[in-house]
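Peer 1: Each chain is listed here by its residues.
2 protein chains.
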Amino acid sequence: MEILDGKQVAENIKKDFEERLNKVKIRPNIAVLGIKGDGASDIYTRKIKKNCEKYRIGFKLILSENVKDFKKNFKEIKDDESITGIMFQQPLDGNVLNLINEIPAQKDIEGIGINNMGKLFLGNEDAQIPCTSKAVIKTIEYYGINLEGKKVAIVGRSSIVGKPLIPQLLKKDATITVCHSKTKNLVKELQTADVVIMAIGKANFLKKEMIKKDAILIDVGINFLDGKIVGDIDYEDVKDYVKAITPVPGGIGIVTNALLIDNIIRSVE
Amino acid sequence: MEILDGKQVAENIKKDFEERLNKVKIRPNIAVLGIKGDGASDIYTRKIKKNCEKYRIGFKLILSENVKDFKKNFKEIKDDESITGIMFQQPLDGNVLNLINEIPAQKDIEGIGINNMGKLFLGNEDAQIPCTSKAVIKTIEYYGINLEGKKVAIVGRSSIVGKPLIPQLLKKDATITVCHSKTKNLVKELQTADVVIMAIGKANFLKKEMIKKDAILIDVGINFLDGKIVGDIDYEDVKDYVKAITPVPGGIGIVTNALLIDNIIRSVE
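Protein chains in written order, with my numbering: chain D, 2 to 270; chain R, 2 to 270.
Read the hints as simulated data drawn from the structure, not as lab findings.
Just so we're clear, the structure is a prediction, and the values are computed from it rather than from any experiment.
Some clues are possibly wrong.
Identical copies look the same in the list; a pair holds intra-copy or inter-copy alike.
To be verified - As a list, the in silico PhoX-like pairs of lysine-lysine whose alpha-carbon atoms are at most 25 Å apart: (1) K244 x K203; (2) K185 x K51; (3) K172 x K203; (4) K209 x K189; (5) K26 x K73; (6) K203 x K189; (7) K37 x K73.
Using the sequences and the hints, build the whole thing.
Peer 2: Pasting the structure below:
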């Protein structure tokens, strides 16, 4: 069994960051907008801040008191020419979610707006791609996994992982099956898949009897269970049964963090 | 075996066209741009013209001598406020294909530009949707076929059929498998599918031994064989083995034509 080590993939992505940053005309400078009181996403935001500081990327966190305040702050930031990238702290109130599409495409560093999603689906090379989905692809590429004609099952159909993975996997000539909470015969689909990508947010959901022997497993889940971080895959249960697997922590999450910085740099290149 | 009759679906779509057209402030007025000498697409264009005339929708065909001429004509049409919808006659030279994304989203009546595709993938209700893909959905809806949890296999991954079908089928809670020319085990995927949508452009490709009994088949193919129009499905071979099937001609094609008019009206509503 091979462990697909996110740290190695991330290091490989980061290795030319300094060189790229030395070449850009404007130093990237990002703003993260959120609403006060959402503790869970604080951890992620702190991680982004730390990474930005490491690369001397401007970072500003703007926490609003309420939706009205958020809209006002967003309007100011959107028109601020010194800001090169904008992202929203998730999860966001439905009332402000549609503002994502008002982020100018170039500044949409998470690649979650209409423009970037349209570009991604039409195969446009300059699309900013949602980091988590791209982290799956970068991991597959780093480890030289050939997907041509292989069956890849994606479990989960979110706008930031499942859906954006579809065009990226089709480009690699994979046969794709998208499963989700309403899927009947999930096990039947997974047992015929060469690669399974789990992105449903259910701790230790996937067991070895659900997959075929020597499958390659990619775990996008980050769940808290008994004070520990675990993925959507029961790692201990499957580890001796599979060909390769991404661990949690130490897998897709680390690569995702590196790719956000990559997107931030791309936005000024 | 039930025949999913495109004519009935199209009539149902067209039944409120006159009423809707009486309500709009500006009468729709479209321009079709192409390059001279492409005989195959002339048939489709003539059909559109006829349909536009029927509903007193303005129609203008602008055939250019070459790519340079096309670009010049496009620039004029794009800025012409009297034109409410623009489409390109396909297949188009690669040199002009990217101009599709310069069609203002509102005037992109075929729904094939970045903006509409992004909206479609993110579930935005005001997306203009590529007509052929929407014709598949409208046919499924008209005949009350419930896709929740069902396995739907899409064969073909084009930007106008296979790809835009994905979010539309996910919205109906189907489990989706996307197959294409590089797929290994195509038959294995098709034999476990409750619904098979064929969109590869290969005459009579699908035979009954490739599918499961009582599957529902949707045929998007339009192929010319021995002077006759046939689909991607060998109709005679499968007809007594399936639960339902769309004929060719008389199936998805007719619905597609109605939906183009629907999109043209939508663009001014």
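Peer 1: Check the structure against each numbered hint from earlier and tell me which ones fail, lowest number first.
Peer 2: 2, 5
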